[in-house]
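Taken in sequence, the protein lines are chains F and X. Under this note's numbering, the residue at position 116 of the first sequence is numbered 116, and the numbers go up by one with no gaps. Under this note's numbering, the residue at position 19 of the second sequence is numbered 155, and the numbers go up by one with no gaps.
Derived by calculation from the structure, the hints in this document are not laboratory data. Misleading hints may appear alongside valid ones.
[What the hints assert, rightly or not] The calculated DSBU-like cross-link candidates involving lysine-lysine, where the alpha carbons are at most 30 angstroms apart (straight line), are: (1) F:LYS31 x F:LYS82; (2) X:LYS142 x X:LYS154; (3) F:LYS134 x X:LYS207; (4) X:LYS192 x F:LYS64; (5) F:LYS60 x X:LYS207; (6) X:LYS179 x F:LYS4; (7) X:LYS155 x X:LYS179; (8) F:LYS78 x X:LYS207; (9) X:LYS155 x F:LYS82; (10) X:LYS177 x F:LYS78; (11) X:LYS142 x F:LYS134; (12) X:LYS207 x X:LYS148; (13) X:LYS179 x X:LYS192; (14) F:LYS31 x X:LYS148; (15) F:LYS82 x X:LYS154; (16) X:LYS142 x F:LYS78; (17) X:LYS207 x F:LYS64; (18) X:LYS192 x X:LYS154; (19) F:LYS82 x X:LYS177; (20) X:LYS142 x X:LYS189; (21) F:LYS108 x F:LYS64; (22) F:LYS82 x X:LYS189; (23) X:LYS189 x F:LYS64; (24) X:LYS142 x F:LYS64.
[Unchecked claim] Pulled a few chain F residues facing chain X out of the computed Cβ check, cut under 8 angstroms: (25) LEU9; (26) THR12; (27) GLN63; (28) GLU74; (29) ARG75; (30) GLY96; (31) ALA97; (32) GLU111.
Quick reminder that beta carbons are idealized off the backbone N, C-alpha and C, glycines included.
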Amino acid sequence: MSVKRLQYLLWTVIVLCMIIGGFLGIYIIGKETGNYPVELMLPIIIGVIGGLMVFLMISKWSQKRRGNVPEIDERTLKNLQKYFLGALYFILIGSGAALLIAYAMGVKTIETGLLILCLGGVFLMTIAGAFIVKRV
Amino acid sequence: MKSFVKVINHIKEVRLAKKITQIQMAEDLQITRQTINAIEKNKYNPSLELALKLAKYLDVPFEQLFYLEEKE
């Protein structure tokens, strides 16, 4: 399969998954409240396809600005490898230390909501770091 | 006894002598401009594949482009 066809397939799968996710949201809201907000279907579809269009326009514009120079090469991949290895150790050791400190401070249970918030923060920081490393 | 510590290259000198810009080289070799800059400043050692590509692109013998810095 050619790279272009794989790219189209990837976009289609991503768009379909996002739309299915939106519909699942409608289903969950309906199941919880008894009122299915079907009017949200159109904004979901328009939002997902519009978002993809914006992404395509930005990537086309940046490609035009960059010329034929690639965005990533062997050095970028090596840098990312090093970064993720460092991040893995940092998160493993950091979260272990945080747990031990919390336990020593007398915290015996952790609320899952707080856990999601903490992990979300770690995830966001890791992704932001990866973007910075990519540009170095 | 001699010990080899660092890989040194003459890419910048050869590139400037041939009047090739970093952007042009990046486009031709499909690497980023930052990578060329890092190699020229001896901050990054390219892979064997890229080093051979560089030697071929600049039309210079490999040993003339890259060599080991010797230290007593």
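Hints, one by one, checked against the model:
Restraint check for F:LYS31 and F:LYS82: the C-alpha separation of about 46 angstroms exceeds 30 angstroms, so the hint is violated. A distance of roughly 26 angstroms separates the Cα atoms of X:LYS142 and X:LYS154; the hinted pair therefore holds under the 30 angstroms criterion. The suggested pairing of F:LYS134 with X:LYS207 is violated, with an alpha-carbon distance near 34 angstroms, which exceeds 30 angstroms. Taken as a hint, the X:LYS192 and F:LYS64 pair is honoured in the structure, with Cα atoms around 28 angstroms apart against an allowance of 30 angstroms.
A threshold of 30 angstroms between alpha carbons decides the hint, and for F:LYS60 with X:LYS207 the separation of about 50 angstroms lies outside it, so the pair is violated. Our distance criterion of 30 angstroms between C-alpha atoms is broken by X:LYS179 and F:LYS4, whose separation comes to about 35 angstroms. With a CA separation close to 23 angstroms, the supplied pair X:LYS155 and X:LYS179 stays within the 30 angstroms bound. Restraint check for F:LYS78 and X:LYS207: satisfied, since their Cα atoms lie roughly 28 angstroms apart, inside the 30 angstroms limit.
Distance hint between X:LYS155 and F:LYS82 is unfulfilled; the C-alpha atoms sit about 34 angstroms from each other, more than 30 angstroms. Taking the CA atoms of X:LYS177 and F:LYS78, the gap is near 18 angstroms; set against the 30 angstroms cutoff, the hint holds. For a cut-off of 30 angstroms, the pair hint linking X:LYS142 to F:LYS134 stands: about 25 angstroms separates their Cα positions. For the hint pairing X:LYS207 with X:LYS148, the CA-to-CA distance comes to about 23 angstroms; that is within 30 angstroms, so the pair holds.
In summary, the hint linking X:LYS179 to X:LYS192 is supported, as the alpha carbons are separated by about 21 angstroms, within the 30 angstroms threshold. For the proposed pair F:LYS31 and X:LYS148, the alpha carbon gap of about 66 angstroms is over 30 angstroms, so the pair is violated. About 35 angstroms separates the Cα atoms of F:LYS82 and X:LYS154, which puts this hinted pair outside 30 angstroms; it is violated. Note on X:LYS142 and F:LYS78: the hinted pairing holds, with a Cα-Cα distance of about 19 angstroms set against a maximum of 30 angstroms.
This hinted pair does not check out: X:LYS207 and F:LYS64 have alpha carbons roughly 47 angstroms apart, beyond 30 angstroms. Between X:LYS192 and X:LYS154 the alpha-carbon distance is near 13 angstroms, which keeps this suggested pair within the 30 angstroms criterion. At most 30 angstroms may separate the alpha-carbon atoms for a hinted pair to count; F:LYS82 and X:LYS177 meet this at roughly 20 angstroms. At most 30 angstroms may separate the alpha-carbon atoms for a hinted pair to count; X:LYS142 and X:LYS189 meet this at roughly 20 angstroms.
In summary, the hint linking F:LYS108 to F:LYS64 is not supported, as the alpha carbons are separated by about 55 angstroms, beyond the 30 angstroms threshold. For the given pair, F:LYS82 sits about 24 angstroms from X:LYS189 by alpha-carbon distance, which is consistent with the 30 angstroms threshold. Between X:LYS189 and F:LYS64 the CA atoms are separated by roughly 26 angstroms; this keeps the pair inside 30 angstroms, and the hint holds. For the proposed pair X:LYS142 and F:LYS64, the alpha carbon gap of about 38 angstroms is over 30 angstroms, so the pair is violated.
The criterion of a C-beta within 8 angstroms of any C-beta in chain X is not met by F:LEU9, whose closest approach is roughly 24 angstroms, and the hint is violated. The beta carbon of F:THR12 is not positioned within 8 angstroms of any beta carbon in chain X (closest approach about 28 angstroms), and the interface hint is therefore violated. Evaluation of the F:GLN63 hint against chain X yields a violated restraint, the C-beta minimum of about 13 angstroms exceeding 8 angstroms. Nearest Cβ of chain X to the Cβ of F:GLU74: about 5 angstroms, under the 8 angstroms cut. The hint holds.
At a threshold of 8 angstroms, the smallest CB-CB gap from F:ARG75 to chain X is about 4 angstroms, leaving the interface hint in force. About 33 angstroms separates the beta-carbon of F:GLY96 from the nearest beta-carbon of chain X, more than 8 angstroms, and the hint is not met. Hint status for F:ALA97: violated, given a least beta-carbon distance of 33 angstroms to chain X, over 8 angstroms. The beta carbon of F:GLU111 comes no nearer than 44 angstroms to any beta carbon in chain X, farther than 8 angstroms, and the hint placing it at the interface is violated.
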